[in-house]
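Q: Going down the list, the protein sequences come from chains A, B and C.
Going by this note's numbering, the first sequence opens with residue 1, and the numbers climb by one from there.
Going by this note's numbering, the second sequence opens with residue 1, and the numbers climb by one from there.
Going by this note's numbering, the third sequence opens with residue 1, and the numbers climb by one from there.
Please note: incorrect hints may appear among the correct ones.
[Unchecked claim] Only pairs whose alpha carbons sit at most 30 Å apart, straight line, appear in this in silico DSBU-like list of lysine-lysine:
# : chain 1 : residue 1 : chain 2 : residue 2
1 : B       : 167       : B       : 97
2 : A       : 77        : B       : 248
3 : A       : 77        : B       : 477
4 : C       : 63        : B       : 97
5 : A       : 95        : B       : 97
6 : B       : 97        : A       : 77
7 : B       : 165       : C       : 158
8 : A       : 3         : B       : 37
9 : C       : 63        : B       : 37
[As the list claims (entries may be wrong)] Computed footprint of chain C on chain B; a stretch qualifies when at least three of its residues, placed anywhere within it, have a C-beta under 8 Å from a C-beta of chain C:
#  : stretch
10 : 14-28
11 : 534-546
Hints were generated in silico from the structure; no laboratory data involved.
Keep in mind it's a predicted model, so treat the numbers as computed, not measured.
Note that the Cβ used here is the ideal one computed from N, Cα and C, for glycine as well.
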Amino acid sequence: MAKPFTPVVFAGNDLLDGDSVYLAETGWTRDVRGAAVAMTVEERDALSARAIADANIVVGPYEVQVALEADGAWPLKRREQIKASGETTIAVGPKAAIARAA
Amino acid sequence: MYRYDEFDHQFVQERVTEFRGQVARRLTGELNEDEFKPLRLMNGLYLQLHAYMLRVSIPYGTLASRQMRMLAEIAERWDRGYGHFTTRQNIQFNWPKLRDIPEILDALASVEMHAIQTSGNCIRNVTSDPLAGVAPDEIEDPRITAEVLRQWSSLHPEFTFLGRKFKVAVTGSETDRAAVAVHDIGLQIVRNAEGEVGFRVLVGGGQGRSPFVAKELRAFLPREDLLPYLTAALRVYNLHGRRDNKFKARIKILVHELGIEAYRDEVEAEFAAMDRATVAAPWEEWERIGAYFALPDLPSRAEEDAGFERALRTDPDFAAWVAQNTHAHRVTGYRAATVSLKPVGGVPGDATAEQMRVLADLAEAHSADEMRVTHEQNIVLPHVALGDLYTVFRALAGIGLDAPNRGLITDIIACPGLDYCALATARSIPVAQAISNRFASTERQAEIGPLAIKISGCINACGHHHVAHIGILGIDKAGVESYQLTLGGEPADVPSIGERTGPGFGFDEVPGAIETIVDRYLELRESPRETFLQAYRRLGMAPFKEALYEAA
Amino acid sequence: MRLLDRTGEIAERWTFVEGDDPVPNDLAPDGTVTDGPVSDGAVILPHARLGEALLLAAERPGKTGLHLENDVDPRPLVEHFGALSLISVAFPSFADGRGFSIGRRLRDLGYEGRLRATGPVIADQFAYLLECGFDEVWLPAAVAERQPVESWLAQLSKVNLSYQRGQGATGQGERRRSILDRRRQAGGAQTGGAQASP
Numbered sequence: 001m002a003k004p005f006t007p008v009v010f011a012g013n014d015l016l017d018g019d020s021v022y023l024a025e026t027g028w029t030r031d032v033r034g035a036a037v038a039m040t041v042e043e044r045d046a047l048s049a050r051a052i053a054d055a056n057i058v059v060g061p062y063e064v065q066v067a068l069e070a071d072g073a074w075p076l077k078r079r080e081q082i083k084a085s086g087e088t089t090i091a092v093g094p095k096a097a098i099a100r101a102a
Numbered sequence: 001m002y003r004y005d006e007f008d009h010q011f012v013q014e015r016v017t018e019f020r021g022q023v024a025r026r027l028t029g030e031l032n033e034d035e036f037k038p039l040r041l042m043n044g045l046y047l048q049l050h051a052y053m054l055r056v057s058i059p060y061g062t063l064a065s066r067q068m069r070m071l072a073e074i075a076e077r078w079d080r081g082y083g084h085f086t087t088r089q090n091i092q093f094n095w096p097k098l099r100d101i102p103e104i105l106d107a108l109a110s111v112e113m114h115a116i117q118t119s120g121n122c123i124r125n126v127t128s129d130p131l132a133g134v135a136p137d138e139i140e141d142p143r144i145t146a147e148v149l150r151q152w153s154s155l156h157p158e159f160t161f162l163g164r165k166f167k168v169a170v171t172g173s174e175t176d177r178a179a180v181a182v183h184d185i186g187l188q189i190v191r192n193a194e195g196e197v198g199f200r201v202l203v204g205g206g207q208g209r210s211p212f213v214a215k216e217l218r219a220f221l222p223r224e225d226l227l228p229y230l231t232a233a234l235r236v237y238n239l240h241g242r243r244d245n246k247f248k249a250r251i252k253i254l255v256h257e258l259g260i261e262a263y264r265d266e267v268e269a270e271f272a273a274m275d276r277a278t279v280a281a282p283w284e285e286w287e288r289i290g291a292y293f294a295l296p297d298l299p300s301r302a303e304e305d306a307g308f309e310r311a312l313r314t315d316p317d318f319a320a321w322v323a324q325n326t327h328a329h330r331v332t333g334y335r336a337a338t339v340s341l342k343p344v345g346g347v348p349g350d351a352t353a354e355q356m357r358v359l360a361d362l363a364e365a366h367s368a369d370e371m372r373v374t375h376e377q378n379i380v381l382p383h384v385a386l387g388d389l390y391t392v393f394r395a396l397a398g399i400g401l402d403a404p405n406r407g408l409i410t411d412i413i414a415c416p417g418l419d420y421c422a423l424a425t426a427r428s429i430p431v432a433q434a435i436s437n438r439f440a441s442t443e444r445q446a447e448i449g450p451l452a453i454k455i456s457g458c459i460n461a462c463g464h465h466h467v468a469h470i471g472i473l474g475i476d477k478a479g480v481e482s483y484q485l486t487l488g489g490e491p492a493d494v495p496s497i498g499e500r501t502g503p504g505f506g507f508d509e510v511p512g513a514i515e516t517i518v519d520r521y522l523e524l525r526e527s528p529r530e531t532f533l534q535a536y537r538r539l540g541m542a543p544f545k546e547a548l549y550e551a552a
Numbered sequence: 001m002r003l004l005d006r007t008g009e010i011a012e013r014w015t016f017v018e019g020d021d022p023v024p025n026d027l028a029p030d031g032t033v034t035d036g037p038v039s040d041g042a043v044i045l046p047h048a049r050l051g052e053a054l055l056l057a058a059e060r061p062g063k064t065g066l067h068l069e070n071d072v073d074p075r076p077l078v079e080h081f082g083a084l085s086l087i088s089v090a091f092p093s094f095a096d097g098r099g100f101s102i103g104r105r106l107r108d109l110g111y112e113g114r115l116r117a118t119g120p121v122i123a124d125q126f127a128y129l130l131e132c133g134f135d136e137v138w139l140p141a142a143v144a145e146r147q148p149v150e151s152w153l154a155q156l157s158k159v160n161l162s163y164q165r166g167q168g169a170t171g172q173g174e175r176r177r178s179i180l181d182r183r184r185q186a187g188g189a190q191t192g193g194a195q196a197s198p
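Please model the complete structure; the sequences and the hints are all you need to start from.
A: Right, here's the structure in full:
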């Protein structure tokens with residue numbers, strides 16, 4: 001029996017801004033929960049083709065395994081969770097400096 | 001310090017214009033991402049996990065106040081109000097937009113700075129001793145050589161598409177503070193029997209996946225032969241270095257596989273056949289650049305200062321800071337002071353725009369307008385009069401940068417790790433913070449003495465864990481962060497690569513494991529004068545391994 | 001494909017003979033030139049066929065070239081430089097910069113014939129190629145389509161100064177002006193510090 005397919009979304013970075021973006025049903029979104037989810041190999045290949053076709057908008061698209069939660073997709077791996085959060089896991093910059101001083 | 005002449009200005013300005021055009025051509029698709037990537041990398045621009053990252057070159061770590069203020073302005077205008085000082089004496093901005101990069105490069109050019117060759121498979125920015133020009137044991141200011149090399153290597157037509165990156169470091173003192181033995185080429189300024197100044201040339205050192213201590217290529221190279229000789233060394237590497245495997249493409253692998261003798265024969269043959277006089281920098285160019293590195297005019301001061309002595313007696317925090325963070329200066333009545341960017345629980349190497357501005361003001365008022373970035377990710381104020389030290393210390397306390405921990409267990413080097421880096425396999429910064437909090441007590445740090453902890457979030461070893469007294473390497477083990485420990489690494493003096501203790505530790509277990517190692521050291525050291533590294537070299541791995549894995 | 005030099009796109013007069021392919025009829029070693037379609041009788045042979053190339057060159061001077069892969073040491077070719085009117089150096093990828101050193105080495109060894117870079121290099125490397133001694137660039141169609149000739153020529157005036165000396169071919173190449181030479185001409189009038197060391 002074939003291994004069950006783990007759902008995937010396609011992630012990349014916006015060429016002009018560098019932000020993490022995810023392929024949506026139309027265009028790209030900065031919110032992984034709004035990403036188009038492939039549930040089968042065929043759907044994955046179709047998303048992949050769309051992602052690659054946007055090579056002058058989004059850099060380096062690749063697939064990310066996700067779990068389907070109530071409000072949308074969420075990555076399985078820590079690296080991708082950090083990327084999807086759009087932030088570091090620790091306080092940084094002026095806010096962190098103020099917090100330390102307090 | 002060095003100042004641009006009209007040619008330097010024109011060169012950097014044209015380079016910015018060129019990059020602006022490259023961005024435009026990328027947007028039209030004339031350049032695809034594969035083609036654009038090495039071009040942007042050669043201008044210091046990475047694409048990381050969350051965003052672009054711009055690495056700005058701070059040649060040999062030397063910064064003037066107006067330059068530091070511009071870095072603060074860039075942090076505020078185009079980033080998130082802070083920057084990260086790196087182990088290669090540079091600064092990184094973690095959140096810029098590609099669309100803004102040409103403007104940022106313009107801003108940098110206005111203060112004689114750039115991001116050229118801070119990345120890419122080319123000759124990277126040349127690093128040096130943060131105490132250059134200050135250290136009493138110096139033969140010659142290594143920044144003269146570093147600046148000659150900075151210029152020579154900029155957009156070198158032959159060496160801009162090498163098999164891999166190429167890092168050069170220069171030291172001018174007996175005491176190596178530039179870690180020359182872990183660079184692709186390390187240069188140590190030496191005098192020969194006739195008293196002439198030249199270079200001892202090392203080759204093939206490096207960290208990464210396969211760490212190597214560099215081997216001696218030439219015991220003495222006359223100054224005038226430097227550029228032709230490096231041209232020969234680079235040419236042999238460019239032609240013969242491996243291109244089949246990215247992880248075997250550094251010169252250390254070529255030297256290792258060929259053997260130092262065979263590599264040297266090739267280089268010497270190339271060097272002998274070369275039109276050396278044409279390739280060399282003319283003598284007057286060495287003199288021209290050398291003049292910029294003359295010691296600044298420091299008003300003469302007495303050997304002792306009453307106010308300084310009083311502050312030492314009345315403020316124990318200041319006394320601890322002076323003892324740990326200041327260094328001898330070749331001019332009477334002066335010290336060099338290390339500003340630690342490692343406050344307890346902080347992000348190693350980070351500075352906010354406000355902190356940068358205060359540092360710039362302090363340098364302007366009390367350090368001949370000069371700062372240095374160290375490869376330990378700290379800042380040095382190189383020329384502070386004894387009588388000014390307390391003022392400086394109080395100002396640093398006001399911005400939370402008064403930690404008296406230079407060289408101690410909380411002076412941790414850490415790469416950005418999985419919080420920022422697209423290549424990382426584990427987080428580094430939170431591990432550094434947890435260790436720093438665990439050893440927060442100043443008294444305890446002082447009792448432990450010199451101990452360098454360095455953390456890398458992947459096998460590429462940007463956090464220099466191989467040459468740490470206690471190194472930490474974060475890897476991904478079936479989706480979970482796991483941290484391997486190494487002991488006994490050292491970048492300078494008698495360089496060595498650390499040895500692994502054994503199986504790794506979980507994210508939360510690391511501070512405890514470090515504590516176990518430290519406690520065993522305190523128990524076994526012959527006296528408080530025996531440092532961790534000395535004790536490790538005497539005792540070997542066994543007692544630490546036992547403490548880590550068997551005592552429980 | 002496209003062939004260009006510092007003046008822009010130029011006509012191809014050379015026929016590239018690959019692998020073991022026969023030398024076209026119009027170039028028969030007896031010297032007779034028949035009605036070759038593009039070529040005026042000039043051919044580039046692979047390095048493995050050096051001996052054959054030298055025979056051809058003896059009979060048809062000025063019309064023999066040699067193509068080198070970028071792992072070939074050009075030093076043994078010195079004695080044949082006179083016979084080789086063109087040397088082509090392979091750039092299998094723009095990121096594989098071995099060819100720059102091969103070009104430089106050929107010029108340092110005294111090669112004065114035509115030097116060609118063959119492969120998918122990019123416009124942004126044009127000045128470097130000329131400075132390493134190359135005269136011309138042969139581009140495959142995929143790159144030529146995306147990168148107009150204007151981009152290649154514009155590249156030559158992007159950065160007009162260089163910090164190195166002794167770059168540029170033996171007279172043929174467009175070169176950036178050496179800052180070291182310019183400073184020398186300026187006579188050291190712009191030193192910055194108070195006293196000269198070292």
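Q: Could you run down the list of hints and mark each one as holding or not?
A: Hint check results:
1. Proximity of residue 167 of chain B to residue 97 of chain B is assessed by CA-CA distance (about 27 Å); at most 30 Å being required, the pair is judged to hold.
2. For the suggested pair residue 77 of chain A and residue 248 of chain B, the alpha carbons sit about 29 Å apart, so the restraint of at most 30 Å is met.
3. Straight-line distance between C-alpha atoms of residue 77 of chain A and residue 477 of chain B comes to about 12 Å, which keeps the hinted pair within the 30 Å bound.
4. Under the criterion of a C-alpha separation no larger than 30 Å, the hint pairing residue 63 of chain C with residue 97 of chain B is inconsistent with the structure, at around 53 Å.
5. The straight-line distance between the Cα atoms of residue 95 of chain A and residue 97 of chain B is roughly 21 Å, inside the 30 Å bound, and the hint therefore holds.
6. Restraint check for residue 97 of chain B and residue 77 of chain A: the C-alpha separation of about 26 Å stays at or below 30 Å, so the hint holds.
7. At most 30 Å may separate the alpha-carbon atoms for a hinted pair to count; residue 165 of chain B and residue 158 of chain C meet this at roughly 24 Å.
8. For the hint pairing residue 3 of chain A with residue 37 of chain B, the CA-to-CA distance comes to about 37 Å; that exceeds 30 Å, so the pair is violated.
9. Taking the CA atoms of residue 63 of chain C and residue 37 of chain B, the gap is near 39 Å; set against the 30 Å cutoff, the hint is violated.
10. Counting residues of the stretch 14-28 of chain B whose C-beta sits closer than 8 Å to any C-beta of chain C gives 7, which meets the bar of three, so the coverage hint holds.
11. Only when three residues or more bring their CB closer than 8 Å to a CB of chain C does the claim for the stretch 534-546 of chain B stand; here the count is 0, and the claim is violated.
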